[in-house]
Amino acid sequence: MSNAQIPYPEGEVFNLALRARYRSATIWQSLFLGALLVAIIALTALIYNVIDGAFGYIAYEYKNDPAEFTSTPINELKKEELLDIFKKNLSSGAYNKLEKEKPMDSRTQSELLELFLERLVRIDTKGTWSMTDSLLNGAEIRAEVTGKYPDAILEFRSWLTPQFLVTPMSSRAEFAGVRTAVLGSLWLVGIAILFALPVGTGAAIYLQEYAQRNWFTKVIQTNINNLAGVPSIVYGMLGLALFVRVLEPLTSGAIFGMTDSNGRTILAAGLTMGILVLPLIIINAQEAIKAVPDSLRQAAFGVGATRWQTVWHHVLPNALPGILTGSILALSRALGETAPLIVVGASTFISVDPNGPFSKFTALPIQIYQWTTRAQSEFHAIAAGAIIVLLALLLTLNASAILLRNRFQRRW
Amino acid sequence: MENNNNYAIETNNLSIRYGNFTAVKDVNMKVERQKITAIIGPSGCGKSTLLRAFNRMNDFVPSCRVTGKLLLGRQNLYSKDIDPVEVRRKIGMVFQKPNPFPKSIYENIAWGARINGFKGNMNELVEQSLRSAALWDEVKDKLQQSAYALSGGQQQRLCIARTIAIQPEIILMDEPASALDPISTLRIEELMQELKKNYTILIVTHNMQQAARASDYTAMMMIDDQRAGGVIEFADTKKIFTRPSDKRTEDYVTGRFG
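Residue numbers (our numbering), protein chains in the order written: chain R, 1 to 412; chain Y, 1001 to 1258.
Hints were generated in silico from the structure; no laboratory data involved. Being a predicted model, the structure only gives us computed values, none of them experimental. Just so you know, not all the hints are guaranteed correct.
[Claimed, not checked] Covered stretches of chain Y, going by a simulated chain R footprint (3 or more residues, C-beta under 8 Å): (1) 1098-1107; (2) 1229-1240.
[To be verified] The calculated lysine-lysine pairs, modelled on DSS-like cross-linking and capped at a C-alpha distance of 30 Å, are: (3) Y:Lys1025 / Y:Lys1196; (4) R:Lys102 / R:Lys63; (5) R:Lys63 / R:Lys79; (6) Y:Lys1097 / R:Lys290; (7) Y:Lys1097 / Y:Lys1142; (8) Y:Lys1238 / Y:Lys1035; (9) Y:Lys1142 / Y:Lys1030; (10) Y:Lys1090 / R:Lys290; (11) Y:Lys1103 / R:Lys290.
Where a beta carbon is used, it is the ideal one built from N, C-alpha and C, also for glycine.
Next comes chain Y alone, as it looks inside the complex:
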């Protein structure tokens, strides 16, 4: 999956249907490398559904069908010869609620590496991943303790560390701070700025200030009159929040909508 252009991943008329219901329609997005791209929009507009399409998590919903293309380089991730397991190794995911494994902190990171056949020094990988997730100093003395003993914010950073450990190209974040307090949220946002030096980040957020503060690009989603979600505007975050070209985006980011 060689990739020479500036874009980490592209969608090409990507549509997602549940049975006969079209949840997301004709999304065309080019996600730039080593940038943070935020997806915003009102509840139920298909933000999370779209995000989950990027690493084929929707495959687990039996009625879900995806059409169009999702291009990592020249490779369509939805073509028949692509194994979704391979996709998920290349495109990691951090979920809305922190969901560490009910295992030790160490094992939380080592497990993903091990099942993917990691051959290097596991202790080093664990330390390096925890450092990258700005968690090492807090947990270095209790690596064998249960991850459940950590606070919510620490658990979420552990989940990020777990994702980094398998060295994906892209990290998807589904409202990663929505279950956290403002201080933990800030730490996650700072962490994202660090991570974008090495990774491409796609984040779904409800929090408009967060999108404005933390992201480089913003995709605005909205449902049409058939209740199908779509990207109505995709641009530089500054532009979206200062002079959006779509009236609906303006209404939404200024809080006049909904």
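For reference, chain R alone in the conformation it holds in the complex:
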């Protein structure tokens, strides 16, 4: 066989072509690496930005000198001394009001200390600085503060503290916490999943196992897929019209004997979130059900099972890990949604824990949104702290989804 008969290049020609092939491969490879770098840089910038805001210098003054109330240094004040100070310096009306919110005796030393600083000493924040600023320009900040506010105290503060997590909302950023918002978010997500998981799984079972493949189911399927992409504010409008207005007797709790509430409750918002994640849960549950091999269904039918017995005993148990994993991911979407909550009517300022489905509520993203729109820089700092809390919650949810998937992964 001579070379003329082989329609492929050989020798030097082949080597040249090979080098050209490697060259184009290298170009593509570096483009993909570049794309990855862009993504990593964007993520890093996001995380840096949040952390940068959540720590840093704060300069504040005491409007009233703590020495006017007690001779003990602030950090050494005991609970009894603090209670004593309150009794002496607060009007009985103001004291009773506080007692009503939470009995003074049952409050911790740190809670009382905070109250002392807020109500009597009356902290006045003069300025806050970001973490980078505080670390790099510490000397200038100190000089600026001593120049402008000779009486001010300058300290490096972490806005994200254990206290921040368990303190309810306050009108003063220094004493505000995310407790109300976190509880509100958990209530919302809980109601959303209680509604969307059974309904979504049921719809998915019907579509996958029972519905005939005709144009009608195709239309429904296409619509479900499209609904998953509808902007969340549209779901907010739906929630407002349906749950807040039309179903007000239900969502306000009126038919259960509640009188002091309108339709803008946790229940209305939770159901709106449920509707919002419903298409996601249906699509995901369908995928999980599809992944159960047909041989298993045939095995069940082969021993004389009905469709329902097959679904209930075999398809559903084997699809369940997938369904749950997808539901958790859908929930983390709900946890971060803001727009529909604004439309449905989340409260922007509320310091009472939600105590049931008919409570008024706020949620973490709402709280963050509201704090970032405030003019004072200390609110931006607590917004950054709240964002970290939200991200931590999201990460926990996603991690539990991954754990669940690995734990129950099936081999067929």
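Using the hints provided, position chain Y relative to the given structure of chain R.
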């Protein structure tokens, strides 16, 4: 469904269509009781489709239509008043790939019995079914372990045990050994010889030696020029393999075809 004659099941001009396409055409077969009947033929000739028609597994294919009669005794299994679930309890099926439930060995057998309302002693049924499937000695100490821990051949015998447990009249086997090694295949074939004392077995196989070794009767299927499969010869296995009356059968069993 009383049945007095020698035949466990008969087909009467049975045709199977997918939409407008006729996959199997005018099959007339009388399957004898407590015998092994093999269905052989080249790929795509409708062997599995025909086998699945016997316990109405084709009902799950939306476009599939069956015409003609499938007679269990005097009862047409395709008549309107027959529930396919009842058909599948009377006519069990073993599939090509072993498909045990992802449950324990015990549960694999007990589940089918339970959903069919079995009222007897479940432990006894499990043991008896596993013994009949020649699997008891290998698994008696690990009944609560996952069926997936068994080897392919053991899994297939478990699937047979699962079918026996619901005490069908007929067992359909769709190339039950095609996914198994030769030793496991041999064990399945030995098992079939045991089972035919109590059951009627219909088996689809690609393996001609298997049909020749293991079956009493053989149905030879072939597609016609419209690509519709049909039984071209149905006779004693010895006759099919030694002096077939159809030239195409002869070509196929001697390996001259395809």
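Does the region 1098-1107 of chain Y contain three or more residues whose Cβ lies closer than 8 Å to a Cβ of chain R? holds (count 4)
Just to be careful, I want the Cα atoms of lysine 1097 of chain Y and lysine 290 of chain R compared with a cutoff of 30 Å; is the pair within it? With a Cα-Cα distance of about 19 Å, the restraint between lysine 1097 of chain Y and lysine 290 of chain R holds, given a limit of 30 Å.
Between the alpha carbons of lysine 1238 of chain Y and lysine 1035 of chain Y, is the straight-line distance 30 Å or under? 14 Å, holds
Would the hint linking lysine 1142 of chain Y and lysine 1030 of chain Y be met if the CA-CA limit is 30 Å? 41 Å, violated
Hinted pair, alpha-carbon criterion (30 Å max): lysine 1025 of chain Y, lysine 1196 of chain Y. Please report holds or violated. Holds, at roughly 28 Å.
Hint check: lysine 1090 of chain Y vs lysine 290 of chain R, CA-CA at most 30 Å. Holds or violated? Holds. Lysine 1090 of chain Y to lysine 290 of chain R sits at ~29 Å (cutoff 30 Å).
When you check the alpha-carbon spacing of lysine 63 of chain R and lysine 79 of chain R, does it fall within 30 Å? Judged against 30 Å, a Cα distance of about 22 Å means the pair holds.
Can you confirm whether chain R covers the region 1229-1240 of chain Y, using C-beta to C-beta distances below 8 Å and requiring at least three such residues? violated (count 0)
Taking only the CA atoms, is the gap from lysine 102 of chain R to lysine 63 of chain R under or equal to 30 Å? Holds, because 26 Å separates the two Cα atoms, which is no more than 30 Å.
Given the hinted pair lysine 1103 of chain Y and lysine 290 of chain R, is their alpha-carbon gap at most 30 Å? 20 Å, holds
Does the structure keep lysine 1097 of chain Y and lysine 1142 of chain Y at a Cα separation of 30 Å or less? 23 Å, holds
Hints 2, 9, counting from the list given before, are not met by this structure.
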